[in-house]
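Undergrad: These are the residues of each chain, in order.
2 protein chains.
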Amino acid sequence: MKQILAEILTIGDEILYGQITDTNSQWISSELDQLGIRVVRKTTVGDTEEAILNAFTEAEARADMVLITGGLGPTNDDLTMPMLARHFNSEIIMNDDVLAHVKDFFERRGRTFTELNRRQALVPAIAEVLHNEMGTAPGTWYERDGKVFVSMPGVPHEMKNLMKTLVLPKLANFFQTPVIYHKLIKTVGIGESFLADKIKDWEDNLPDHISLAYLPSVGQVKLRLTAVGENREELKKDVQDLIDALIPLAGKYIYGYDSTTLEEAVGQLLKAQNKTIALAESCSGGYVQHKITTIAGSSEYFQGGVVPYHNRHKINILGVKPETLEEHGAVSEPCVQEMAEGVRKLFKADIGASSSGIAGPGGGTDEKPVGTVWIAFADGKETITKKLQLTQNRLLNIELTQIAVLNLVRKSLTR
Amino acid sequence: MKQILAEILTIGDEILYGQITDTNSQWISSELDQLGIRVVRKTTVGDTEEAILNAFTEAEARADMVLITGGLGPTNDDLTMPMLARHFNSEIIMNDDVLAHVKDFFERRGRTFTELNRRQALVPAIAEVLHNEMGTAPGTWYERDGKVFVSMPGVPHEMKNLMKTLVLPKLANFFQTPVIYHKLIKTVGIGESFLADKIKDWEDNLPDHISLAYLPSVGQVKLRLTAVGENREELKKDVQDLIDALIPLAGKYIYGYDSTTLEEAVGQLLKAQNKTIALAESCSGGYVQHKITTIAGSSEYFQGGVVPYHNRHKINILGVKPETLEEHGAVSEPCVQEMAEGVRKLFKADIGASSSGIAGPGGGTDEKPVGTVWIAFADGKETITKKLQLTQNRLLNIELTQIAVLNLVRKSLTR
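Chains as they are written, first to last, in the numbering used here: chain A, 4 to 418; chain B, 4 to 418.
Mixed in with the good hints, there may be bad ones.
Here are the computed lysine to aspartate or glutamate pairs in the EDC-like style, where the Cα-Cα straight-line distance is at most 16 angstroms [unchecked claim]:
id : chain 1 : residue 1 : chain 2 : residue 2
1  : A       : Lys201    : B       : Asp67
2  : A       : Lys150    : A       : Asp204
3  : A       : Lys225    : B       : Asp80
4  : A       : Lys203    : B       : Glu118
5  : B       : Lys150    : B       : Glu236
6  : A       : Lys203    : B       : Asp67
7  : B       : Lys186    : B       : Glu118
Just so you know, these hints were derived from the structure itself, not from any lab.
Make a model of the complete structure from these sequences and hints.
TA: See below:
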């Protein structure tokens with residue numbers, strides 16, 4: 004089966020100079036992916052004739068389709084249309100349908116139609132016009148030697164509407180596309196290389212039509228399985244069989260799939276078990292609570308929490324014993340135990356969780372260097388603690404502590 | 004003066020497939036822009052040998068420098084190092100310094116160093132190693148015929164640290180870039196177009212060698228002044244004169260300059276006035292406290308806070324009157340007043356600040372639709388409140404509330 008290849012070309016100085024974020028190309032990628040079209044390259048070039056023409060020629064040589072966004076305004080620095088005309092040896096003509104639409108578009112909004120606006124209706128004669136109902140710059144479609152070029156406006160909502168209503172159906176029809184099925188497996192609490200060691204045999208025995216990628220981020224590793232074939236349901240089953248075989252090897256690190264986040268996974272566990280939670284965060288400074296409350300509906304299981312940034316608040320608000328702090332200090336196992344138990348009682352929650360550590364850059368000692376963190380989980384029956392030895396970087400320590408606290412809750416709820 | 008040209012190359016299937024957003028290339032663009040280096044192309048290719056090698060060759064032909072991110076993990080789908088070795092006809096060798104660093108990195112975290120981890124220390128013999136103190140994948144630097152290649156890890160905080168501490172200074176030195184002086188003026192509490200109106204005359208009279216850019220982000224607008232010349236001290240003085248003229252026009256919106264964040268500016272005010280603060284956050288769910296505690300040394304002025312996510316905790320922990328909640332509801336002026344005053348007393352802080360609102364997507368009513376938020380500031384003498392009418396988007400509402408609370412504290416402290 005022939006794999007259909009695509010390139011995405013973004014045109015505009017403002018993206019090269021870092022003045023705006025290109026969110027279009029990620030969106031286009033993921034839409035093409037759903038169609039089983041493989042994006043092999045993304046390119047951004049500026050508003051110069053040579054750069055644009057070279058990009059057209061190179062992309063046409065490599066891919067079956069080239070999807071272009073940007074450079075369609077009516078001013079002189081917008082070069083996409085004239086360069087497409089040159090690339091396809093076509094003259095530029097005034098398209099009456101587009102002209103009528105642009106005039107109408109301005110009239111409806113009570114804006115004056117100027118000579119400059121007429122230029123939006125100039126398109127290469129060879130192009131098939133794709134009607135842009137949300138704006139004035141038309142989409143255009145080109146075919147040559149079994150390959151396709153599509154030009155679309157850079158304004159995200161205009162481009163997305165054109166893609167969904169016209170471009171994607173036309174592409175699926177033009178190229179008889181294979182099916183690609185992806186599954187993301189999300190893990191926490193294990194590094195990339197350790198995970199790779201654990202699942203080596205499983206990975207070595209993947210069938211030919213399924214590939215694996217490791218996608219690490221701070222404190223987490225995602226595994227991506229990609230299956231290529233003809234039948235989506237069969238691919239889905241093949242991937243599920245592989246996941247079933249993976250679970251005995253690494254199941255305890257897997258918290259979810261696809262777009263599920265760790266805070267969402269913990270929320271789903273709490274909801275399913277009909278339990279509520281409260282947090283006592285010292286070194287993580289409220290970040291765990293923030294993560295939990297980004298999830299819509301978290302008020303069902305999140306009672307609240309305290310950030311006792313100084314010892315006397317640990318004592319007065321959470322009931323940590325003064326002698327615990329005197330004997331062991333705030334960054335200690337007994338302290339996080341009492342914090343987790345105390346916040347659980349204060350908020351009348353089923354579960355209490357806590358953190359106390361030295362985020363840095365100051366405050367480290369020989370015995371407890373920067374990056375030393377204790378965390379705890381309490382459910383009224385038992386209290387589980389864990390010591391972390393993190394980094395020299397304050398923000399990273401806060402991020403890693405937040406992940407570790409959520410993961411401790413997750414693991415404790417799935418024992 | 005010769006214009007120095009750069010290309011940015013991102014390596015990774017996960018970006019081509021649209022599964023992760025490439026934020027690195029925009030950041031790199033804007034850093035290069037500030038050095039006066041012109042980015043002429045951005046390219047993303049996948050994890051295949053041919054695509055990577057072709058991208059190297061093409062970029063080297065067009066630009067003076069090629070900045071590469073990604074593809075540096077220890078697994079088999081990470082190809083950047085071997086392809087760089089092939090491109091520069093160099094063999095791959097084990098670098099003892101990198102190996103020692105990787106071993107140390109694992110040991111410090113109490114993790115086992117495996118055979119796979121050793122591969123992180125394999126670098127092309129021709130490369131100059133750029134020490135990555137934040138991770139295990141080293142940066143590498145290559146020179147050939149007056150051109151430079153730099154390879155960096157794809158993990159954003161590792162890449163940014165390498166760029167700032169090593170890559171940008173080396174590039175400025177290697178290419179003898181002209182003197183460019185930037186100043187960021189940071190504003191909050193006013194929209195881009197309103198700010199532009201207020202400072203129009205000032206902007207119209209900028210001298211030729213100084214340009215202005217508006218850089219809007221969520222809830223804030225940055226103004227960037229860029230001066231180009233030959234003498235840094237002169238440029239600095241010219242820019243300072245312009246800022247002195249700007250302050251009478253827009254000074255009350257300006258909270259800081261350059262890398263100063265709003266939470267840092269508020270921290271500096273508290274420190275200068277020798278005051279402490281405590282937070283009671285309902286709809287912002289701990290996010291203000293998280294922002295405050297990202298700043299090193301915040302324990303000097305941050306006492307702590309409470310997230311009372313349900314009404315009974317507002318009553319029991321913060322002392323909000325039950326009749327206040329019955330009569331006005333939790334999202335009301337009297338409620339945030341009592342929350343701010345209550346948390347101030349609970350933590351024996353000089354200042355209390357609070358938030359209560361409907362973050363959404365659920366919970367809205369005709370009278371109090373999603374996006375209705377009340378915030379308050381209390382210092383024992385008076386309590387200042389503010390009502391916000393925000394958006395339909397939960398995450399945006401949390402972000403905008405956090406900014407508004409910090410800005411309310413800032414404004415109250417600078418009355």
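Undergrad: The structure should be examined with respect to each hint, and the outcome stated for every one.
TA: Hints, verified against the model:
A distance of roughly 43 angstroms separates the Cα atoms of A/Lys201 and B/Asp67; the hinted pair therefore is violated under the 16 angstroms criterion. With a C-alpha separation of about 41 angstroms, the suggested pair A/Lys150 and A/Asp204 falls outside the 16 angstroms cut-off, and the hint is violated. In summary, the hint linking A/Lys225 to B/Asp80 is supported, as the alpha carbons are separated by about 14 angstroms, within the 16 angstroms threshold. Restraint check: the Cα-Cα separation between A/Lys203 and B/Glu118 comes to about 13 angstroms, which is no more than 16 angstroms; the hinted pair holds.
At roughly 30 angstroms between alpha-carbon atoms, B/Lys150 and B/Glu236 are farther apart than 16 angstroms, so this suggested pair is violated. Of the pairs offered as hints, the one joining A/Lys203 and B/Asp67 is violated, with about 41 angstroms between alpha carbons and a cut-off of 16 angstroms exceeded. Restraint check: the Cα-Cα separation between B/Lys186 and B/Glu118 comes to about 48 angstroms, which exceeds 16 angstroms; the hinted pair is violated.
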